[in-house]
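**Q** Each chain, written out:
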Amino acid sequence: MYKLNEAKMFADITDNVAIIINSETGIYYAMNNCGSIIFKDVIDGCSTNLIIDNLKKIESCPNDIEQKFKIFIDELLKKEIIIAGEKSSKTPVLDEAIIKKDKFEMKVSEYEDAQEMLLADPIHDVDEEEGWQPVFKEEK
Amino acid sequence: MTLKTETYLLNINKNSLIKYYNFLDNSFKKTADKNSVITKYLNLGIKTIRLQIAFADFLPQLEKYFSCSLKDTANNYDATIYIWKDTVYSYISEQYNKSKWITISHEKKEFMQIDLENNIINAENKEEEKYYFIAENYSYDILSKQGHLFVKSISKIIRTEYSALVHSAAVGINNKGILISAKGGSGKSTLSVSCLTNGFQYVSDDYLILKKSNNKLYASPIYSIITLSPQIYKQMTNLKSEFMCNNYNNTKYILNISSYDINIINNLEIKAVVFPKISNIAEPTIEKTNKNTAVTQLVYSTATQMNNNKDTEYIKLLISFIKDLDFYQINLSQNLDKNVTILKQFIKEL
Numbered sequence: 000m001y002k003l004n005e006a007k008m009f010a011d012i013t014d015n016v017a018i019i020i021n022s023e024t025g026i027y028y029a030m031n032n033c034g035s036i037i038f039k040d041v042i043d044g045c046s047t048n049l050i051i052d053n054l055k056k057i058e059s060c061p062n063d064i065e066q067k068f069k070i071f072i073d074e075l076l077k078k079e080i081i082i083a084g085e086k087s088s089k090t091p092v093l094d095e096a097i098i099k100k101d102k103f104e105m106k107v108s109e110y111e112d113a114q115e116m117l118l119a120d121p122i123h124d125v126d127e128e129e130g131w132q133p134v135f136k137e138e139k
Numbered sequence: 000m001t002l003k004t005e006t007y008l009l010n011i012n013k014n015s016l017i018k019y020y021n022f023l024d025n026s027f028k029k030t031a032d033k034n035s036v037i038t039k040y041l042n043l044g045i046k047t048i049r050l051q052i053a054f055a056d057f058l059p060q061l062e063k064y065f066s067c068s069l070k071d072t073a074n075n076y077d078a079t080i081y082i083w084k085d086t087v088y089s090y091i092s093e094q095y096n097k098s099k100w101i102t103i104s105h106e107k108k109e110f111m112q113i114d115l116e117n118n119i120i121n122a123e124n125k126e127e128e129k130y131y132f133i134a135e136n137y138s139y140d141i142l143s144k145q146g147h148l149f150v151k152s153i154s155k156i157i158r159t160e161y162s163a164l165v166h167s168a169a170v171g172i173n174n175k176g177i178l179i180s181a182k183g184g185s186g187k188s189t190l191s192v193s194c195l196t197n198g199f200q201y202v203s204d205d206y207l208i209l210k211k212s213n214n215k216l217y218a219s220p221i222y223s224i225i226t227l228s229p230q231i232y233k234q235m236t237n238l239k240s241e242f243m244c245n246n247y248n249n250t251k252y253i254l255n256i257s258s259y260d261i262n263i264i265n266n267l268e269i270k271a272v273v274f275p276k277i278s279n280i281a282e283p284t285i286e287k288t289n290k291n292t293a294v295t296q297l298v299y300s301t302a303t304q305m306n307n308n309k310d311t312e313y314i315k316l317l318i319s320f321i322k323d324l325d326f327y328q329i330n331l332s333q334n335l336d337k338n339v340t341i342l343k344q345f346i347k348e349l
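Line order of the protein sequences matches chains X and W.
Heads up: the first sequence at position 13 corresponds to 12 in numbering that gives the first Met the number 0, and the numbers run straight through without jumps.
Heads up: the second sequence at position 279 corresponds to 278 in numbering that gives the first Met the number 0, and the numbers run straight through without jumps.
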């Protein structure tokens, strides 16, 4: 079983969104809703077999759920977000509606600003006295 | 009317950056030639910021925002903010003027944000500690659309290896202080302003400066304003404040509290972090808590609001300031006086 790597990580799960900050690197991670609620069970020390069993009971659970779960856990271990821990007696709490809405996908990612649009240098033609010259439009 | 939807991040090279700084300096000079320039200083304890204001009508607003820190004179200063009024569209190429937000960066460091919804420009020349604030309209309503005035520039100016601007409230009793930390809408302002009206020492309900010195942590104020929801404002019948405007999404009032400047103190030593939790219990309680939630929310909300969420050094700095403090959760009742009473006792016993 697993627990949060508290020596390095601070984590908060509010409104079904997990935010984890690595205090050594300054990098923070976010999870989608499905990943967040399963992550909560993982760091609570719930049995991973029990989490998988409960996921399988949810209608429309994909056949490869064990593989998806393993990939998720491996990612958390690789990023050192979780480490091995004691098994607890807690029962997994899985919100079926959220898991279905995210199609059983568990995602953990470094923060990214998806709205960025990278463009080449756009202001090379600025005039130090006059600023921008209006874009020339040919009169027809 | 053209719908503005696009957000651009534009990268420029070093030559363009230098030319653009010269253009900004020249633009200020041109405005200053036409209008007299007023000089004021923000005394923020660890740093002093010179304000060069080429727009006299703006002074009353500045005095409302910063009455606890605004000074007429200073022995020296660490940075300058140049403030003038101009048409924002003349500062960006026409090809981008239908977007709503443009960020211009050089070598992954942002130096300019153009807000074309509110027609406000923030720019910085960090090497020379020169900052620029240009707006077409200097009404409170417009300026509040970007959050607290100059907050991003101030954040950059005061950041050192031992100081940073932080999104948190702070209050104290007998020079023993606490941070009240949580993300927005968690009761931070309500609790801290309730403390203010009940005679606590007060630093801020929203943004403050944290400074580490000799292994102690100190909080200092920047602003003389608070933000409260209309419902909470109605409950605080003894609050002496002046309405300035609504906040960016019209959910809260922004109020001037300069009548309490005597309660607002610099260098309040911080002994603990209190994480507020809104509940319906009759009697409030305070209990020791795991630091995970409070640290994460404080760091995340500060980094996000300062647009520094990719700045790993900044995030590490924020964590290093607070991680060794004791963390408590206050389970708030609906009775503001009871919340204040239990907090007063708690701080006295720290």
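Treat each hint with caution, since some may be false.
[What the hints assert, rightly or not] Result set (DSS-like, lysine-lysine): computed pairs, CA atoms no more than 25 angstroms apart in a straight line:
1) W:K39 to W:K175
2) W:K290 to X:K2
3) X:K7 to W:K215
4) X:K78 to W:K29
[What the hints assert, rightly or not] Pairwise CB distance ranges, derived in the manner of DEER restraints:
5) X:I57 to W:D77: 56 to 66 angstroms
6) W:T86 to X:I82: 52 to 62 angstroms
7) X:K2 to W:S212: 34 to 44 angstroms
8) X:K55 to W:E135: 53 to 63 angstroms
9) W:D77 to X:I82: 35 to 45 angstroms
10) X:K77 to W:E116: 35 to 45 angstroms
11) W:N34 to X:K77: 31 to 41 angstroms
Simulated from the structure, these hints should not be mistaken for laboratory data.
The structure presented is a predicted model; accordingly, all values stated were derived computationally and were not measured.
Don't be surprised by glycine CBs; every beta carbon is placed ideally from N, CA and C.
**Q** None of the hints should be skipped; say for each whether it holds.
**A** Cross-check of the supplied hints:
Under the criterion of a C-alpha separation no larger than 25 angstroms, the hint pairing K39 (chain W) with K175 (chain W) is inconsistent with the structure, at around 31 angstroms. Using a Cα cut-off of 25 angstroms, the hinted pair K290 (chain W) and K2 (chain X) holds, with the two alpha carbons roughly 16 angstroms apart. A C-alpha spacing of about 23 angstroms is found between K7 (chain X) and K215 (chain W), which places the hinted pair at or below 25 angstroms, so the restraint holds. With a CA separation close to 53 angstroms, the supplied pair K78 (chain X) and K29 (chain W) exceeds the 25 angstroms bound.
In this structure, I57 (chain X) and D77 (chain W) meet the distance hint of 56 to 66 angstroms, their C-beta atoms being roughly 58 angstroms apart. Between T86 (chain W) and I82 (chain X) the beta carbon distance is about 57 angstroms. The supplied range of 52 to 62 angstroms therefore holds. One distance hint, 34 to 44 angstroms for the beta-carbon pair K2 (chain X) and S212 (chain W), holds here, with the actual separation near 35 angstroms. Distance hint check for K55 (chain X) and E135 (chain W): the Cβ-Cβ separation is about 60 angstroms, which falls inside the suggested range of 53 to 63 angstroms.
In this structure the supplied range 35 to 45 angstroms holds for D77 (chain W) paired with I82 (chain X), their Cβ-Cβ distance being about 43 angstroms. Roughly 41 angstroms separates the CB atoms of K77 (chain X) and E116 (chain W), a value that falls within the hinted 35 to 45 angstroms. With their beta carbons about 59 angstroms apart, N34 (chain W) and K77 (chain X) fall outside the hinted range of 31 to 41 angstroms.
Consistency note: the structure conflicts with the earlier hints numbered 1, 4, 11.
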